[in-house]
Amino acid sequence: MIYTQKELAHLIFLAGVVRDGNKKGLMEETLQCLLYIVKSLPEVDLPEGVVQHIEALTEKLERELRGENDRLHEIQHNLSHPFERKSRDS
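Going by the working numbering, 29 is the number at position 29 of the sequence shown; the sequence numbering is gapless.
Honestly, I wouldn't trust all of these hints.
In silico DSBU-like links for lysine-lysine, alpha-carbon gap of 30 Å or less [to be verified]:
1. Lys6 <-> Lys39
2. Lys39 <-> Lys60
3. Lys24 <-> Lys6
4. Lys24 <-> Lys39
5. Lys23 <-> Lys6
6. Lys23 <-> Lys39
Source of the hints: derived by calculation from the structure; they are not laboratory data.
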C-alpha cells in the first residue's frame with residue numbers, strides 16, 4: 001500500500017503538534033506511526049545536517065538508557081545484598 005506525500009505531510013504535522021504541544025499522552029501513538037514508516041524503508045537519503053542531528057540525538061538516547069540501566073543494576077544489587085555497602089573512599 002502506498003502512503004502518499006500528502007498523508008506523510010499530515011503525519012509530520014501531527015507529530016510536530018504532539019511534540020511542540022508536549023502532548024505526552026499521544027507520544028506513544030506518534031512514535032508507533034513513525035516507526036512503521038521507518039521500518040518500511042531499506043535506507044533513506046538525508047541532508048548532512050539532519051544526519052548529524054540524528055546522530056547527536058541517538059548518542060543522547062544511548063547515554064541516558066545506559067545510565068538508567070546502570071542505575072537499575074545498582075539498585076538490584078543493593079536489594080539482593082542489603083548489608084554490603086560500597087566504600088566511598090575506594
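Evaluated hints:
| no. | hint | in the structure |
| --- | --- | --- |
| 1 | Lys6 <-> Lys39 | holds, 20 Å |
| 2 | Lys39 <-> Lys60 | holds, 21 Å |
| 3 | Lys24 <-> Lys6 | holds, 25 Å |
| 4 | Lys24 <-> Lys39 | holds, 23 Å |
| 5 | Lys23 <-> Lys6 | holds, 23 Å |
| 6 | Lys23 <-> Lys39 | holds, 24 Å |
No hint from the list above goes unmet by this structure.
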